[in-house]
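Chains A and B are the protein sequences, given in the same order.
So in our numbering, spot 238 of the first sequence is number 238, and the numbers just go up one at a time.
So in our numbering, spot 89 of the second sequence is number 89, and the numbers just go up one at a time.
Note that these hints are calculated values from the structure, not bench results.
Bear in mind the structure is a predicted one, so any value in this text is a computation, not a measurement.
The C-beta atom is built at its ideal place from N, Cα and C for all residues, glycine as well.
Please note that the accuracy of each hint is not assured.
Label-pair ranges, simulated between beta-carbon atoms [what the hints assert, rightly or not]: (1) Ala22/A with Glu54/B: 20 to 30 Å; (2) Glu114/A with Leu156/B: 44 to 54 Å; (3) Pro119/A with Met25/B: 15 to 25 Å; (4) Ala256/A with Gln130/B: 35 to 45 Å; (5) Gln130/B with Glu375/A: 21 to 31 Å; (6) Glu327/A with Asp118/B: 36 to 46 Å; (7) Asn117/A with Gln130/B: 43 to 53 Å.
If you want a taste of the chain B side facing chain A, the calculated C-beta under 8 Å gives, among others [to be verified]: (8) Ile3; (9) Met25; (10) Asp43; (11) Gln46; (12) Gly128.
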Amino acid sequence: MKREYTKKEYQEILSMQLTESALVRSKIEDAYGQIRTGGRKDTKSFYNKGLKGLITGMSAVAAALVLSVTVCVSNPALAAKLPFIGNIFQTVNEDSSYPGDFSKDAMQLVKPGEEENNPYVQTNNGITFTISECNYESMAMYLAVSIESEAGFSDMMQNFARYGSYAEEDESEMYTKYSTLYIGSTSTADFSKAGKGIYEGDPAKGTVSPYYIQGKFIDEHTFAGIIRVDLMHMAILDGADGWNYINNEDIPEEFAYTLKVTDIFADYEGEHLAGNWDFSFDVKLNHENTIKKEIGKTNEQGIGISKVTKTAYELYATLELPEGKNEADYCVAICDAEGKPLESQGEYAEIYSIYNRDVSKVTIYVVDYETYMNECKGNNYVNLPSKAVFQTEVEF
Amino acid sequence: MSILVKKAQKGDADAFIELIERNRMTLLRVAYGYFRSEEDVADVMQETILNAFEHVKELKKPEYFRTWLVRILINNCNQMYNQNKRNCGLEEAVEIVQNLSSPGDVEFHEMLRSLPEDSRVIFQLYYGEQFTTKEIGEMLHMREATVKSRLYRGKLKLRAEMQVV
């Protein structure tokens with residue numbers, strides 16, 4: 001029977017020790033038996049029961065199972081047809097959850113008319129993947145992408161990219177004004193010249209690589225969008241104990257970045273476009289627009305904000321907590337000079353977009369997670385001043 | 001745990017099995033978030049254990065073993081769901097729950113079934129397994145904001161259903 005549960009009940013019940021069925025135990029013991037005798041003996045894994053040919057960005061396990069012989073070539077003929085090459089940022093700068101006037105400080109990787117033999121224009125399996133512009137800000141890199149399909153993108157793929165899982169529900173308020181294509185990718189950021197090691201973005205290894213592109217379909221053959229590469233949450237090999245998170249401030253100004261895309265899809269359970277598209281970038285981060293303010297204020301319990309960082313596109317307030325407190329139990333909300341809440345820039349909830357907002361003065365609130373979700377989210381932002389456990393104003 | 005991982009990476013089968021035993025309940029509970037059929041849960045557990053053994057050498061940071069293992073499980077659950085879509089219907093699910101041996105099992109399955117489908121695994125990972133919303137977002141290919149929103153909407157949906165009843 002359905003009933004409403006408290007947080008404590010969720011935690012207690014969902015972490016219960018379950019009784020294992022004989023069937024589950026037997027399969028586990030069978031796996032242990034295979035491992036004790038050197039590895040897999042049973043070749044009838046469920047993958048072999050009718051492989052669809054999927055590659056996902058989630059796991060090298062799945063990727064290793066799907067082998068396709070592919071050849072990457074530049075395709076000047078296709079690229080030449082794209083009138084927006086070199087101007088993708090301008091075309092889609094508002095068509096994502098991370099909007100911004102990225103063309104302002106962008107570098108062109110593919111100039112109109114120079115598509116031939118350009119390493120940033122690659123065709124594989126009938127899909128031309130182009131990265132025509134880049135913008136290397138200090139908190140995130142933005143890559144302008146076009147994906148052209150010779151065969152055309154199916155209606156289903158276009159619809160799912162636009163409406164996602166809400167496509168079949170009457171929840172029009174949940175529709176985003178942009179489309180999202182997911183990618184399976186691995187990436188590297190080589191900080192070794194600065195003695196900082198190499199970041200490997202690989203979901204199979206527990207690290208993050210770009211996994212989606214937001215933008216719009218220009219027509220049934222062409223998708224244009226922007227990849228946001230986060231520079232705030234990277235972990236690098238320190239050579240001794242394994243991987244450690246690297247502070248954004250410790251990322252060197254110049255480094256080499258690679259992005260290898262192997263899969264494009266809108267719906268995980270739907271159509272997948274597999275291939276190999278490999279790109280390399282010589283990155284030089286732009287710190288000119290970055291302003292850092294040391295705050296160092298807390299409430300009596302030690303909860304507060306240590307510093308605030310603003311770039312040309314985003315704003316981030318670093319939470320300060322006493323020992324034993326968990327960041328996941330708090331939300332940091334920021335309101336602009338007009339008192340309106342800023343929206344998240346990309347996948348991390350607390351990196352905020354400042355696009356078209358007056359952030360000459362901002363108010364930062366730290367709120368208990370449950371309180372924020374129940375009483376301050378969305379239109380309830382007016383409750384932030386009364387519900388926050390800490391708040392402070394910052395002027396830029 | 002790190003020492004066990006390092007031993008497992010050197011091919012020590014017993015160390016690897018010990019690691020799985022320590023994380024067995026986590027795998028089982030998350031698998032139930034995807035499947036109601038015991039056969040599916042048994043299959044995905046077996047495949048995950050074998051996959052993990054085959055790839056444990058690639059794990060760079062031993063302390064991420066649990067996160068890494070759950071990622072493999074989730075990937076396998078998604079793959080398996082796509083492959084055979086064998087998860088049973090409501091009637092069969094009820095039968096499974098009725099056949100469960102302890103009141104705790106019944107309570108666990110009742111709670112899982114009460115949650116909206118698109119939030120079920122998120123609730124399990126967040127409340128049951130204590131992963132952060134950021135980690136869950138990375139595991140499920142979702143924005144952290146979406147994870148938080150699903151947790152919130154899941155509770156709201158449940159509350160709304162209570163009011164209708």
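Status of each hint after checking the structure:
| no. | hint | verdict |
| --- | --- | --- |
| 1 | Ala22/A with Glu54/B: 20 to 30 Å | 26 Å, holds |
| 2 | Glu114/A with Leu156/B: 44 to 54 Å | 52 Å, holds |
| 3 | Pro119/A with Met25/B: 15 to 25 Å | 49 Å, violated |
| 4 | Ala256/A with Gln130/B: 35 to 45 Å | 37 Å, holds |
| 5 | Gln130/B with Glu375/A: 21 to 31 Å | 24 Å, holds |
| 6 | Glu327/A with Asp118/B: 36 to 46 Å | 25 Å, violated |
| 7 | Asn117/A with Gln130/B: 43 to 53 Å | 51 Å, holds |
| 8 | Ile3 | 12 Å, violated |
| 9 | Met25 | 6 Å, holds |
| 10 | Asp43 | 6 Å, holds |
| 11 | Gln46 | 4 Å, holds |
| 12 | Gly128 | 3 Å, holds |
Checked against the numbered hints given earlier, this structure breaks hints 3, 6 and 8; the rest are met.
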